[in-house]
Amino acid sequence: EVQLVESGGVVVQPGGSLRLSCAASGFTFDDYAMHWVRQAPGKGLEWVSLISWDGGSTYYADSVKGRFTISRDNSKNSLYLQMNSLRAEDTALYYCAKDKVEMATITYFDYWGQGTLVTVSS
Amino acid sequence: DIQMTQSPSSVSASVGDRVTITCRASQGISSWLAWYQQKPGKAPKLLIYAASSLQSGVPSRFSGSGSGTDFTLTISSLQPEDFATYYCQQANSFPQFGQGTRLEIK
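Protein chains in written order, with this note's numbering: chain A, 1 to 122; chain B, 1 to 106.
Extracted from the complex, chain B is given alone in its bound form (with noise of 0.2 angstroms):
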């Protein structure tokens, strides 16, 4: 089984900030790595799909970049909106998700 391990599992960030986080798959996936957010009591989002392409009706301050092993999302500049859980998911098989990186207001 391919594991995806996700950093850091929490960070604090203030409105306007830029924000980074990472995804590493435990062998090469190519690209395929999706990115999603979750509100508390909501139901995931797609918000990056093949590791860098955007879903459409996403904002574009967010990106998503990597291949192979390693991973990005990044945050241009943070939203009032933008505060909730992230999670990268594998699909180069069965689909396996990170654990979630918690995203808090400073």
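So here's chain A without its partners, still in its complex pose (with noise of 0.2 angstroms):
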């Protein structure tokens, strides 16, 4: 059975950092493309940031391009989300996401974590 668990979202203030991980089980993870999406809270999905099968290419949103820092530890099954520069609207729910489809880039989301909340504010 494929799992995807989140963890590491708190309160943070403006300006602060934060590492989200996400541990993967029941797929050969490192077949696979990972991403980050969020949900504001009462708002719809936003993807965040992607992840190649390998590490070798990642992607982000315009929104956290240069702030957020994808990378994932395949020996571990593990994703992670480094998130600097926080401001108050990266508050959300952030989904680890696998994609579909073995060694591809980006297709579809199947398989989708609970969540962790990120809650910035003073």
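FYI, nobody ran anything at the bench for these hints, they're computed from the structure. These numbers come from a predicted model, not from an experiment. A hint or two may mislead.
As the list claims (entries may be wrong) - Okay, derived cross-link-like pairs now, BS3-like style, lysine-lysine, Cα gap no bigger than 25 angstroms in a straight line:
| hint | chain 1 | residue 1 | chain 2 | residue 2 |
| --- | --- | --- | --- | --- |
| 1 | B | K42 | A | K100 |
| 2 | B | K39 | B | K106 |
| 3 | A | K43 | B | K45 |
| 4 | B | K45 | A | K100 |
| 5 | B | K42 | A | K43 |
Claimed, not checked - With the Cβ distance kept under 8 angstroms, some of the chain A side facing chain B (calculated, not the full set):
| hint | residue |
| --- | --- |
| 6 | L45 |
| 7 | W47 |
| 8 | W53 |
| 9 | Y59 |
| 10 | K100 |
| 11 | T107 |
| 12 | Y108 |
| 13 | D110 |
| 14 | W112 |
| 15 | G113 |
| 16 | Q114 |
As the list claims (entries may be wrong) - Selected chain B positions facing chain A (Cβ under 10 angstroms, derived; list incomplete):
| hint | residue |
| --- | --- |
| 17 | W32 |
| 18 | L33 |
| 19 | P44 |
| 20 | A91 |
| 21 | N92 |
| 22 | F97 |
| 23 | Q99 |
All C-beta atoms, glycine included, are put in the ideal place defined by N, C-alpha and C.
Join the two chains into one complex using the hints; note that each chain is given alone, in its own frame.
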């Protein structure tokens, strides 16, 4: 059974930093691209970042480019999101999501974690 | 950037009704489109990918169609568990979601 379990969400002050983690199991982690998708309270879904299956390519939404860094450790079946210079508008539930197609870069999200809540507030 | 526009933003329907939700891309995306269902407090669930392919385990009352810029999600006979918010997502370039369609009980 595929499982994605996020952690690391807390309340942080504007300008602060945070690292989110996602522990994956139930599939061959290093065969799939992985994504972070966020959802502000009461709002829709926003794609944040993706990392290729081998970690060699990373991409970001314009809203987080230069502030967030995605990474993965395939030996630990883990995905990370380093979040710096946090703003109030980064407040959201952050989901990690698995790409559907093996060895692809961007397709669809076939498995999602339960999300971890990041609140940016003074 | 490719913009995705869903309509309607919300719809009220009854159990047994046929419901159609549309999604329009600001430029052609071939068949690179998915549909997701999200219930309150839960993660989204993939229903349809590649515009018309049913994800494993999803009931056959869900179907998708379209290509290019115009797409539809149809639920042939609404069940109580189908009341939720639905999102489209394009995968032709960096993922972009529609704003969502809330399906409510009439």
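Point to revise | Hints not upheld, ascending by number | key: 8
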